[in-house]
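Asker: One-letter residues, chain by chain:
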Amino acid sequence: MKIMKVKGNHVILSLVCLVLGFIMAFSYHLTQLETQQAKPDMTDSQYKETLSLRNELIAQEETNRKLQKELNQKQAKVQKNEKELAKEAADFNSLAKDAEKYRMFLGKVKVKGKGVKITLADGAYDPNQDNVNNYLVHEHHVFKVVNELYISGASAVSINGQRLTSRSYIVCNGPVITVDGVPHPAPFVISAIGDPDVLASSINLSGGVKDQLVNDNIVFALEKVNEIVMNPVLGN
Amino acid sequence: MWLPVIGLMVGIVLGLLTEIRIPEEYSNYLSIAVLAAFDTLFGGIRAYLQNIYDEKVFVSGFFFNIILAASLAFLGVHLGVDLYLAAIFAFGVRLFQNIAVIRRILLAKWSTNKEKLEKS
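Here the protein sequences line up with chains A and B, keeping their order.
Numbering-wise (my numbering), the first sequence opens with residue -11 and increments by one.
Numbering-wise (my numbering), the second sequence opens with residue 14 and increments by one.
Derived by calculation from the structure, the hints in this document are not laboratory data.
None of these values were measured; they are calculated from a predicted model.
Where a beta carbon is used, it is the ideal one built from N, C-alpha and C, also for glycine.
Label pairs and their calculated CB-CB ranges:
#: 1; chain 1: A; residue 1: Y35; chain 2: B; residue 2: A113; range: 36 to 42 Å
#: 2; chain 1: A; residue 1: Q20; chain 2: B; residue 2: Y66; range: 33 to 39 Å
#: 3; chain 1: A; residue 1: T31; chain 2: B; residue 2: E68; range: 44 to 50 Å
#: 4; chain 1: B; residue 1: E37; chain 2: A; residue 2: D32; range: 23 to 29 Å
The task is simple: from the sequences and hints, build the whole structure.
Answerer: Here it is as structure tokens:
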């Protein structure tokens, strides 16, 4: 009887203990979970370290951003410079072409092309004419032809193989004509590079240069040539 | 004799193993229930040491206190009064008083035992 009572006591007591233990453990467990959720296992020093690392990261990112901006700016600059360089190169190229062209006009380089060849020769001796000058080729005849050729668009002109430049001078010097100080006897062969048809038709114009020359008893011959080669002016 | 201890162990294990999650706002009730359980437990121990232990009073007090504390907190939440503070206060004070009484009784017993030993 006594044992039974004691046992009954113990059963009730153990039930109470079970409930107590359950409540305690449950509460403990719950609190643990909550604290874990609230801040996952972080001590003060760890937190400080994390904070400083984060700050460092932010600073790094800011620096990166700044550097990226700088890089972009520099790249834009480089592109601009490259464009300028390309433009300059193009300019130089066109300048070089121009220079080449001007050299041709100045007679500094050898040129070749289609053109015409005009031969002026003294007229045959005529006993009826008492003045011999009436059938000789004078420097103004040569002038006329050369000017007409230039006006008609000739790129280069030469007399007896000597190139004319912008500073050339033609002087009548007794029996010969002096071109830039070099004497040339008759007959004179004037070569011009340019469109042969244009040059020929402009020379052959009725009442033009040819007719005037023929009126002055000069033997005039014009031929179109497919290729004329002119050597550069000697000396400079 | 070992049955209550085994019961405690089983209770702790059960409590640790349960994955039931109660909402945040009910955790107050749980803490008050824990406090009430402690209070009743120490009250029972004190009563036992004072030889006025009554099992019915203890068991009914244990469960009734837990339920009362929880319902008081519940009422407090719904009335907008922090009644669970009152429960915590009351249980806390009684807890300390009980522990103090237990300590005194134990001390008195220990000293009388010592005197007895010296006399004999």
